[in-house]
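Enquirer: Here is what each chain is made of, one letter per residue.
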Amino acid sequence: MISNGLDDDNFKKGILKNHTFILFIILACVMIIGSIFVPSLAQKGNLLNVLRLASIVGLAAIGATMVLLVGEIDLSIGSIMSLSLVTGGLMVGYGSLPALAVTCLTGIVLGIINGVLVTKLKINSLMVTLGTMSVFAGLANVVTRGQSIFLYDSPLYLSLGRGYIAGIPVPVIIFLFVGIVLSIMLRYTKTGKEIYFTGANKRAAWVSGINTDKIKLIAYSISGLTAALAGPLLSSQTNRITPIQGVGFELSAIAVAVLGGTSLIGGKGTVIGTILGALTFQLLLNVLTLSGVGTYMEQVLKGFLLIVIVVVYQVIDKPRR
Amino acid sequence: MASESSSINGGFIVPAKFIKNNMLIIILLLELIMGVILSPVFLGNTNVQSILINTAIFGLLAVGQSLVMLVKEIDLSVGAMMAFSPIAAIALAKKILSASGTEIIMGSNYVVDGLFIIVVLVLLVSALIGMLNGIIIVKAKVPSLIVTLGMLYVLSGMSYILSGGYSLYLTNLKGAKSLGSSIFAGIPVNFILFLAVGVLVILVLKYTKVGNRIYSTGGNEKAAIYSGINTDFWKVMAFGISGLSAGIAALIYSSRLQSVETIQGSGYELISIAIAVIGGITLEGGRGKISGAIIASAILCIMLNILSLVGLIAWYKTIIIGLIIIGAASQHAFSRKTS
Amino acid sequence: MRKVSKLLYVLLIVVMVFTVVGCGGDKEPAKTGDNQTNTEQPAATGNEKLDALYAEVAGLQGEDALKFFKGLKDKGLSDAEILQFFIDLPLSQANEQIAKLYKDEGFEMYSKSYPKGETYNDFQWSKGSGTKITGPYSKNDLKLPFTDYVALPEGPVGDANKNYKLGVVFHGFSHPWLINWADAAKWEADKHANVELNVQDAEFDNNKWASIMDSFIAQKVDGILVWPMVEAPTGPPVDRALEAGIPVVSVDRTSGSQAITSRITGNFPANGAQAGMYAIWKLAQEGDLNAKAVMLRKPLGSTADAVRTGHFLKVLSYFPGIEILKSYHDTDNREEAFTNAQSALQAYPEIDIFFGTGDHEALAALEATKMANRMDSRKDGKKIMFLSIDDSKEAITQVKDGLFEVNTPYTPLISDIGMRVLLNIVTDSAEMPQDVITPNIPMVTQEGDVIFGMQTQTPDQWYEYTFGPALK
Amino acid sequence: MQEPLLLLKNIHKQFPGVKALKGVNFSLEKGKIVSLVGTNGAGKSTLSNIIAGIYPPDAGEIFIEGRNVTISDPKIAEQLGVGIVHQEPTLVPNMTVVENIFLNKEITKNRIVLDLKKMKQESEKVLEFLGFQIDVDKKVEALTLVEKEIVEIAKAMLLKPRILILDEVTAPLNKDEVDHLFKIIKDLRNNGMGIIFIGHKLQEIIEISDSIMVFRDGKNVGELIPSENLSEKEVIALMLGSILNEDLVTGAKVPDSGQRQEVLKLAGLSKQKLFEDINFTLHKGEIVGFAGLKGSGITELFQSLQGIITFDSGEMYVKGKRVKFKHPKDGIEAGIGMVTNDRQREGLALTLDVKDNIAVSSLNYLRNKFRTLNTKLLKDNAGKYVQALSIKTPSINQFVQNLSGGNQQKIVIAKWLLRNLDIILVDEPTRGVDVKAKNEIYKLLINEKNNGKSLLVASPETRELLSICDRILIISGGKIISEVYRNTKEFNEEDILNTIHSSQRHCTTARAVFQG
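Chains as they are written, first to last, in my numbering: chain A, 1 to 321; chain B, 1 to 339; chain C, 1 to 472; chain D, 1 to 516.
Keep in mind the hints are simulated off the structure, nothing from the lab.
Please read all numbers here as calculations on a predicted model, not as lab measurements.
Ideal Cβ placement from N, Cα and C applies to all residues, glycine included.
Check before you lean on any hint, since a few could be wrong.
[What the hints assert, rightly or not] Result set (DSSO-like, lysine-lysine): computed pairs, CA atoms no more than 30 Å apart in a straight line: (1) 139(B) x 302(A); (2) 141(B) x 202(A); (3) 132(C) x 400(C); (4) 117(D) x 32(D); (5) 379(D) x 202(A); (6) 117(D) x 17(B); (7) 289(B) x 139(D); (8) 324(D) x 120(A); (9) 202(A) x 324(D); (10) 202(A) x 369(D); (11) 75(D) x 289(B); (12) 67(C) x 103(C); (13) 141(B) x 105(D); (14) 112(C) x 292(C); (15) 190(A) x 384(D); (16) 265(D) x 319(D).
[What the hints assert, rightly or not] Distance ranges between label pairs, derived from CB positions: (17) 25(B) x 130(D): 39 to 49 Å; (18) 186(B) x 138(D): 36 to 46 Å; (19) 193(B) x 182(D): 54 to 64 Å.
[To be verified] Examples of chain B residues lying across from chain D (beta carbon under 10 Å, computed): (20) 196; (21) 206; (22) 209; (23) 213; (24) 218; (25) 220; (26) 222; (27) 224; (28) 227; (29) 284; (30) 287.
Given only the sequences and the hints, what does the whole structure look like? Please build it.
Expert: Structure, rendered in structure tokens:
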């Protein structure tokens with residue numbers, strides 16, 4: 001409701017103005033048209049692949065969504081992913097669980113560092129995270145001396161990226177779990193409402209007794225955590241952790257969040273939207289790869305879609321003044 | 001931070017103010033001293049020249065970026081533009097000239113002819129794409145971050161498609177070398193070109209209507225509109241100039257390396273933003289001076305140069321750069337609070 | 001509203017226009033590529049023995065060609081000559097698809113410009129030779145295979161009381177292969193007390209690369225060792241250094257400078273050719289020369305990709321039964337390669353061969369295939385063939401475990417050769433040729449099979465020389 | 001007879017959703033001051049914006065001195081001799097006074113280079129004419145509210161317009177400044193300028209205008225000629241039309257001194273440069289008014305009571321317990337909430353819906369046993385207060401940005417009511433609220449008092465305080481200078497204003513110090 005403010009009275013108009021709905025339509029179209037031209041698209045195996053990849057970028061995107069919702073931005077997602085991966089990687093010797101634990105922990109800590117810088121130093125978040133982005137990236141290399149860490153002997157760790165539970169890839173399960181937990185958090189908890197309010201009007205939120213700093217801190221630590229979670233899913237697919245694993249991930253994450261209808265101004269967007277965004281994003285790339293337009297044309301169309309979709313969103317919810 | 005402490009105890013207001021206002025210059029001087037101490041060759045001709053050329057490349061990007069940030073937008077596409085504009089220009093020039101029978105590309109990837117038209121096309125293409133960014137942003141009223149991010153993807157993809165991944169040699173292109181490496185009174189012409197552009201922009205902003213247009217557009221758009229200023233137009237202009245300066249930067253880059261490659265300038269967009277921030281341009285729009293950005297670009301390049309002279313591993317460089325960005329940003333945050 | 005849509009049209013048009021131009025753009029190199037040389041005639045190698053053989057093989061195809069290849073040993077060719085035969089093997093028109101591909105991508109040009117020839121003083125590499133070290137940067141345990149090549153005794157070089165300042169510029173302290181490259185160079189330099197080294201990482205930014213070169217020139221270093229990422233942009237800086245009288249030596253990839261003092265090249269041609277040899281040999285073993293191959297490739301336009309793929313295709317071009325299903329490019333990124341492999345597996349129900357132009361690509365293909373449960377998906381349950389290049393410990397272990405059919409080594413541990421060559425030059429203690437060829441390394445197969453008469457190595461024989469961190 | 005300076009014929013303007021103007025006819029003679037009055041959304045500002053060329057009319061004709069003109073953008077309006085001071089601030093904070101005054105009107109030598117010197121002189125001249133000394137090289141962000149307003153006027157006056165539109169210019173000015181401004185305006189009138197004056201303060205309007213044009217939902221419904229015997233009531237009556245205009249409600253009986261329970265006690269509360277040595281006691285079930293000029297420090301006092309800012313020294317007791325709040329939420333937890341005078345900036349999240357805006361401070365009490373929100377409870381409560389305060393909204397899921405000022409204000413109040421605070425601080429309860437909504441809000445406040453709540457109300461409109469407060473504290477220069485009780489003879493507008501102005505020390509800087 002909050003996200004798209006359907007008025008009970010003009011529900012019809014509402015649904016058409018609903019980002020999630022539009023995204024859903026797009027998704028359906030890509031699916032249908034795609035599977036007409038590229039038969040292999042509809043195969044179970046392929047769809048599972050799409051889901052798996054969507055879950056990875058989607059996880060990071062959920063974190064980005066959180067930060068965007070409170071009216072800030074996080075450019076350090078990629079570097080957080082790399083750094084938390086390698087710090088965790090140092091522990092694989094002691095088994096997968098400690099490694100994963102350390103990874104998540106690092107992610108949260110780094111997120112908190114961002115949050116503290118943004119809230120306490122009151123610096124523009126784009127700047128802060130631009131800075132931490134390169135700091136974390138540098139540290140990631142220092143930690144492993146630029147080396148890769150192999151995961152061949154960590155079956156549990158690997159199963160994160162490759163395993164199935166009841167025929168569903170593990171990443172998808174993790175993704176959906178996180179997604180559901182967070183969207184419940186956003187819709188049905190105090191913190192959730194406060195996140196939206198903070199994003200929509202920070203000053204008002206503060207005056208209304210919301211501890212906006214705390215809220216932002218929460219958003220950033222969630223972003224850190226999700227980035228850290230996405231890491232192992234990615235690296236376990238290819239059996240190894242590298243200190244540059246997350247390079248460029250932040251931009252895709254933000255792109256997906258925006259694709260999902262999250263506004264950069266804050267206070268607008270849903271996790272569901274982001275999930276759909278991730279699916280659309282990945283499905284489209286998959287269609288392009290399968291239809292063989294070539295890596296570089298994919299990139300072009302990716303950017304093109306991004307621009308078009310934000311324009312469309314802007315057009316549909318132009319505020320009536 | 002000096003400004004901090006002193007503005008609290010009134011005694012040192014004057015020196016504090018002085019430091020605050022000339023922070024960048026002071027840092028620059030400190031760096032120079034540091035450089036001289038740390039490396040005997042720091043002031044050597046070759047070294048100075050390579051610093052100057054880098055400053056020219058990053059400075060140009062930063063100047064463009066600063067203008068965009070002054071109108072309260074941001075441009076992530078400048079990096080990709082540096083690869084795309086020359087590649088597209090050459091592709092177009094090839095099409096155009098082959099019509100008139102002259103082949104400008106030999107041996108599959110040696111550009112041998114058509115320097116002039118290529119240069120013109122580079123400037124044209126970059127300015128146009130920049131303006132296209134602006135037009136989409138103002139007409140559709142969508143956040144520039146996303147539009148230019150999309151453009152970043154589009155352009156870098158296009159660069160590969162257009163060039164087929166080959167990097168092109170300009171070594172056999174008449175005039176390209178002199179464009180790249182001609183030196184006037186010990187100073188690379190490219191740097192002089194950059195200074196000219198920078199000074200021009202500064203003067204235009206200070207002494208013509210344009211300055212007020214830009215600053216008011218970023219500072220309080222509604223006010224600007226109510227005063228009959230076409231803010232959309234000025235935003236488009238800012239993006240156009242940003243694109244154009246990226247184009248010029250691409251020319252300097254390519255003429256220095258006498259080649260055009262698909263990955264040139266990738267990642268420079270973030271550096272240009274960083275420089276603008278260090279130079280005191282804020283994202284709130286309508287604040288900051290171009291001169292700051294220019295000095296900042298020198299600061300950054302000298303810093304990198306010193307670090308490589310003392311032979312520090314790249315890992316630590318990235319960390320240092322990051323810290324500098326955060327430091328600069330927070331410094332401005334504080335000075336804003338105290339003022 | 002209408003404005004908005006109009007806008008999108010504009011954008012669309014712009015994109016399309018450039019795309020059109022672009023299609024023109026990327027066909028271009030190909031045309032000139034084959035204008036320059038008519039690939040119909042066998043290329044003259046200067047080696048009569050081989051030229052005669054090429055004349056014979058020119059007409060052959062399929063089974064006949066196979067028979068001819070099998071007969072090479074009996075024609076009295078040594079292992080090295082056999083490999084050389086396949087490296088210089090001219091393209092055949094027998095397989096139109098491959099011949100066309102070869103032309104369209106302008107591979108001819110790449111393989112022509114890639115340095116070939118004899119090793120310095122006809123050095124022959126003998127199994128087991130070399131030196132064990134611990135990488136100064138990576139802390140990996142490594143064994144440099146070629147420490148006897150252009151050998152240089154430990155201790156001070158040249159004028160013992162002169163201090164030689166050398167610069168090293170490369171990319172990628174965050175890249176396993178390249179760190180080991182730096183390791184080998186540093187190790188060699190450290191052996192000599194009066195050599196002082198400044199190693200710089202340009203972080204895959206050629207402008208930074210040039211700046212570092214300039215700062216070396218400014219420091220008036222005695223010599224520079226470089227790893228150029230691509231040719232064109234690295235030419236001018238090298239030339240500037242040469243003008244300043246500083247010798248420059250490149251290792252592995254080549255720079256755009258023609259005048260460069262000396263260049264140590266690896267053996268891209270041997271990589272591609274051996275991968276091709278193995279594929280044919282294996283198919284012959286299986287008794288069916290018809291196969292469908294997918295190529296997972298490094299970025300478009302990189303020498304490594306073009307030369308390896310080119311030589312691979314040349315060997316295959318004699319066999320009409322082989323179909324190249326598709327080429328996927330990635331940006332030297334295993335995740336991308338992985339996604340590409342996944343798509344390939346989806347798009348093509350029948351894949352017999354995965355050819356990766358780098359270890360990322362092959363390893364990604366392997367993982368993707370495992371996940372898709374397609375390992376043994378060929379007809380009558382045969383295992384998909386993985387032809388890998390670059391002998392990381394990771395890749396060689398896959399061969400040992402029988403997951404990769406073959407790995408054709410390409411080691412970063414040749415920069416020590418470069419360092420020695422450079423030292424020889426700066427101390428003018430020996431005359432060095434411009435091209436220092438590194439010995440071809442026989443491919444690694446699980447059982448160390450003999451292929452077309454050429455003895456290959458077992459994983460265990462080569463393992464100690466491999467680069468990168470160990471799996472376990 | 002000579003052509004009217006400005007003549008509008010049958011002007012129509014429609015915005016998405018609302019018909020702003022439905023056929024307005026209007027004429028302005030040379031040397032006349034015509035006031036536009038009307039409830040919010042009656043179309044006053046829309047009309048002035050059309051004249052100023054901010055947006056074109058959908059239909060209708062505009063004549064200036066008989067010439068039919070189309071004013072497609074502000075520049076053209078300027079050339080036609082229209083100067084306007086907008087309701088909302090139109091200055092660029094980071095630019096100097098000169099730059100702002102000459103924004104888009106720059107004087108240049110040889111067309112390109114700016115003539116800074118000349119512009120400086122010019123702008124100084126204008127300011128002088130307005131009778132103010134302002135350093136024209138100062139950045140606007142460093143000016144006080146008053147100075148800003150003056151610069152706005154100077155900006156409009158610069159090109160010596162023939163038609164001057166003043167939209168809500170007097171809001172930040174104190175009595176003297178207003179008088180001074182009016183003197184100037186009258187001079188201008190006498191020099192033949194035609195002036196359109198828009199405002200909410202009817203006394204002022206009656207005082208200055210030659211005629212009063214009354215607007216009601218998009219039409220001008222009548223013209224009144226001010227005279228001694230024209231009372232505000234008549235104007236209001238015309239403004240509200242059918243809506244019967246009951247007299248301003250008066251605060252119910254003062255609770256008998258017997259069981260008066262102290263809820264808030266301040267002892268020597270001070271904050272540097274803003275207010276000092278504030279002592280008073282607030283009892284259960286009473287409304288205490290704070291009368292004072294802009295910048296007298298009342299707003300900051302209120303803020304410090306909720307913890308939006310912190311006071312420097314002094315003691316504050318809530319229900320006998322000593323407190324000092326560091327964060328607004330501390331105040332709320334102690335039962336104190338402030339309805340700030342800038343609801344858009346400090347009160348509401350415009351892009352969120354009604355129910356969330358009402359519930360935001362009370363979420364702790366709207367949770368079920370799983371510590372998650374009880375949505376039903378939330379909706380019910382929101383609905384309850386929407387009813388109780390008769391907030392006009394299609395549904396509780398409506399975005400707040402689509403509601404009128406009055407209803408938005410009610411939502412801010414509802415937020416505190418739902419939180420069930422004992423003490424509510426209301427700063428300018430009816431700013432930008434039309435007369436009809438005003439009365440409702442007064443009733444609301446009194447009603448709450450009768451339910452045993454205690455309220456502090458600050459307002460620039462003294463009569464507003466008179467109508468609802470049990471007693472009024474008069475603040476000047478951050479000090480309480482006097483206190484008047486209802487049912488005493490000093491409890492009337494005249495005396496109170498006199499007290500204020502007699503004691504008034506200029507301290508307009510107070511607010512400026514506090515911007516941001």
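Enquirer: Taking the hints in turn, state whether each one holds.
Expert: Evaluation of the provided hints:
1. 139(B) x 302(A): holds, 21 Å
2. 141(B) x 202(A): Holds, at about 23 Å.
3. 132(C) x 400(C): Roughly 21 Å between the alpha carbons, so the hint for residue 132(C) and residue 400(C) holds.
4. 117(D) x 32(D): violated, 35 Å
5. 379(D) x 202(A): holds, 23 Å
6. 117(D) x 17(B): holds, 26 Å
7. 289(B) x 139(D): holds, 15 Å
8. 324(D) x 120(A): Holds: residue 324(D) and residue 120(A) sit about 22 Å apart, inside 30 Å.
9. 202(A) x 324(D): At roughly 23 Å apart (the allowed maximum being 30 Å), residue 324(D) and residue 202(A) satisfy the hint.
10. 202(A) x 369(D): holds, 29 Å
11. 75(D) x 289(B): holds, 28 Å
12. 67(C) x 103(C): holds, 27 Å
13. 141(B) x 105(D): Cα-Cα ~27 Å, so holds.
14. 112(C) x 292(C): holds, 28 Å
15. 190(A) x 384(D): Within the cut-off at roughly 20 Å; holds.
16. 265(D) x 319(D): holds, 8 Å
17. 25(B) x 130(D): 39 to 49 Å: For residue 25(B) and residue 130(D) the Cβ distance comes to about 40 Å; the hint holds.
18. 186(B) x 138(D): 36 to 46 Å: holds, 44 Å
19. 193(B) x 182(D): 54 to 64 Å: holds, 59 Å
20. 196: violated, 18 Å
21. 206: holds, 8 Å
22. 209: Holds, because the Cβ-Cβ distance from residue 209(B) to chain D comes to roughly 5 Å (cut-off 10 Å).
23. 213: Holds, because the Cβ-Cβ distance from residue 213(B) to chain D comes to roughly 8 Å (cut-off 10 Å).
24. 218: Hint on residue 218(B): holds, closest Cβ of chain D at ~8 Å, below 10 Å.
25. 220: Holds, about 4 Å.
26. 222: Check passed: Cβ of residue 222(B) comes within 7 Å of chain D, closer than 10 Å.
27. 224: holds, 7 Å
28. 227: holds, 4 Å
29. 284: holds, 9 Å
30. 287: holds, 5 Å
Comparing the model with each earlier hint shows violations of hints 4, 20; every other hint is respected.
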